[in-house]
Amino acid sequence: MVDRPDTPATPPLFARFLVVAFVALQLGRGFEIQLAVLGFGQMLDIVLNKTLKHVVHEARPTEFCANHGSGMPSHHSEFMFFFATWCSLFLANRLLINAVLLIWPIAVAVSRVYLTCHTVRQVVAGALVGSGFGALYYVVSDALVLRKRPLVRNLLLAQQQVVGGERESHNGKER
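Using numbering that gives the first Met the number 0, read the sequence shown as starting at 0 and increasing by one per residue.
Watch out, some of these pointers could steer you wrong.
To be verified - Straight-line alpha carbon distances no greater than 20 Å define the calculated SDA-like cross-link-like pairs of lysine to any residue that follow:
hint : residue 1 : residue 2
1    : K52       : W103
2    : K49       : L135
3    : K52       : S140
Stated by the list, open to error - What follows is a list of derived Cβ distance ranges for each label pair:
hint : residue 1 : residue 2 : range
4    : L101      : V46       : 24 to 30 Å
5    : A35       : T61       : 34 to 40 Å
6    : W103      : K49       : 21 to 27 Å
Keep in mind that the hints were calculated from the coordinates and are not lab data.
Each residue gets a CB set at the ideal place from its N, CA and C atoms; glycine is no exception.
Sequences are here, hints too, so could you generate the full structure?
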């Protein structure tokens with residue numbers, strides 16, 4: 000058997016978004032809109048996972064896992080495969096990053112089975128749901144937001160200029 004600490008296996012939600020933010024910042028500036036789109040998708044994926052867990056309500060394989068809630072589908076696998084699929088589609092021309100994005104969720108899925116927190120079936124279900132939702136969400140977000148980046152960015156810049164202008168006028172400065 001694998002020895003386990005008494006702490007839950009799931010990191011806090013904000014830690015997951017820090018990973019997403021770090022990756023986006025490493026890719027360079029100008030990815031604020033994409034980061035917001037990806038973050039919103041991750042939140043939708045959490046809702047999808049909680050809904051599926053409630054509907055399926057399949058127990059975890061053992062009592063050794065710190066989390067005793069429903070195990071189907073694996074949230075870790077779903078989250079990572081969603082993230083990897085969306086990012087791979089967004090960064091289709093970056094082969095090294097895509098190689099890492101392929102290995103990372105597989106390693107997470109294998110670890111969930113190794114730690115006996117999920118069955119292989121639960122992890123595969125999470126991978127399929129995450130990949131499928133990641134691809135669907137990318138297609139929708141690309142059509143509705145990402146292709147319209149210049150429009151969205153111009154609106155955000157206009158808002159910043161208005162807010163910046165108001166701040167300067169309050170400080171006694173004029174543009």
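Hint by hint, here is what the structure shows:
{"no.": "1", "hint": "K52 x W103", "result": "violated (23 Å)"}
{"no.": "2", "hint": "K49 x L135", "result": "holds (18 Å)"}
{"no.": "3", "hint": "K52 x S140", "result": "violated (25 Å)"}
{"no.": "4", "hint": "L101 x V46: 24 to 30 Å", "result": "holds (26 Å)"}
{"no.": "5", "hint": "A35 x T61: 34 to 40 Å", "result": "holds (39 Å)"}
{"no.": "6", "hint": "W103 x K49: 21 to 27 Å", "result": "holds (23 Å)"}
The earlier numbered hints that this structure contradicts are 1, 3.
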